[in-house]
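Trainee: Going down the list, the sequences are from chains A and B.
Its first residue numbered 1, the first sequence is counted upward by one per residue in UniProt numbering.
Its first residue numbered 1, the second sequence is counted upward by one per residue in UniProt numbering.
Since the hints were derived computationally from the structure, they do not count as laboratory data.
Hints may contain errors.
Note: identical chains are not told apart, hence a pair may lie in one copy or across any two.
[Said to hold, decoys possible] List time: in silico DSBU-like cross-link candidates among lysine-lysine, alpha-carbon distance up to 35 Å: (1) Lys-101 x Lys-128; (2) Lys-35 x Lys-128; (3) Lys-35 x Lys-101.
There are 2 protein chains.
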Amino acid sequence: MSNSNDIDRLIEIMARLPGLGPRSARRAVLTMIRKRALLLGPLAETMQTVARTARECLTCGNIGTSETCAICRDERRATGELCVVEDVSDLWAMERAGVFKGRYHVIGGTLSALDGIGPEELSLPRLKDRIEAEGITEVILALNATVEGLTTAHYIADMLEDSVRLSSLAQGVPIGGELDYLDEGTIGAALRARKPL
Amino acid sequence: MSNSNDIDRLIEIMARLPGLGPRSARRAVLTMIRKRALLLGPLAETMQTVARTARECLTCGNIGTSETCAICRDERRATGELCVVEDVSDLWAMERAGVFKGRYHVIGGTLSALDGIGPEELSLPRLKDRIEAEGITEVILALNATVEGLTTAHYIADMLEDSVRLSSLAQGVPIGGELDYLDEGTIGAALRARKPL
Ligand SMILES: [Zn+2]
Ligand SMILES: [Zn+2]
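Bound conformation, chain A alone (with noise of 0.2 Å):
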């Protein structure tokens, strides 16, 4: 296609990437070969640094770069709190938000019969031995606001009966909405005004 085989690989791993596209890889290569000091540079080095140091939080699910990530490390947290999310993507979005001051559990999804995902494939075993393990007595659940993210969190609920208070983000969260989506007010809202379950 440029008639280069780096410059041709390297827009076919881009084109790989979520959002882009063939299309949009090439003139993202392009641009960065032409911002190379600025862009293609500091962006080869830093991926190295990230591929080399990057690991999943074995305490909560984040990705961070180290065993404990700097949230589960951060004594500053109220460690009575766990928020459950869905996906890292969420708990950055909480974050974002900077409305919540506990910590979290990272289920990595939502139950899903069809795809045979059940509570072993997402890490609720986990979230009840940490519940009793860390001591916590609040468990906020910031869960999409989808179907299967309902059925989650009524299976959560069930699993935890009355061990915590158990609440969900409420007011704010539209219908069939994706919490990575949403702006940091509308987060701050819904967990403000968060329901009992």
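Using the hints, position chain B with the ligands against chain A.
Mentor: Just chain B with the ligands now, kept in the frame of chain A:
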């Protein structure tokens, strides 16, 4: 945001690429980290290579990995024909169409009084030099079908007078359309139906 400086920096640089914003950059980085062996590692490595080797062809302006690009080096290419394009991405679009067997001249934009882009800012004097030095007998203008593209085409026609056979892509290029968006078939049809200026 992710509470890791390197990951945040990677997201921040990715978000500067055309077609990506902060949100798609976050998604892309999470995907890269999850598919480290398939995406992050190979990307970092290929970027490093491209950052070291990519350069503009001194003859035509194409981006490749040598002083003279593979197209300019290719002796099977018709030496008397030159296709003039605005941008490297347009050259690549022509090559994907696979219908032009000559060589290229990337002028690097279009004339624009408003933006202070005159013939010297584009490689138009150099186009004239090449035509003499390389004994070019046919020039095909494959500029975008925009007002600026048409203005530039007229300027080139005046500059070259009757020194070469001059034509421009015609049928199939929609008014206001940009070359890089067209499918191969449309580009092929436009080349075959090119009309003399
Ligand atoms: Zn953690
Ligand atoms: Zn060349």
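Trainee: Next, verify each hint and record whether it holds.
Mentor: Hint by hint, here is what the structure shows:
1. For the homomeric pair Lys-101 and Lys-128, the shortest alpha-carbon distance inside one copy (20 Å) is at most 35 Å, but the shortest distance between copies (67 Å) is not.
2. Within a single copy, Lys-35 and Lys-128 get their C-alpha atoms only as close as 49 Å, which misses the 35 Å cut-off; across copies the closest is 28 Å, which meets it.
3. Taking the shortest Cα distances, Lys-35 and Lys-101 sit within 35 Å of each other only across copies (30 Å), while inside one copy they are farther apart (40 Å).
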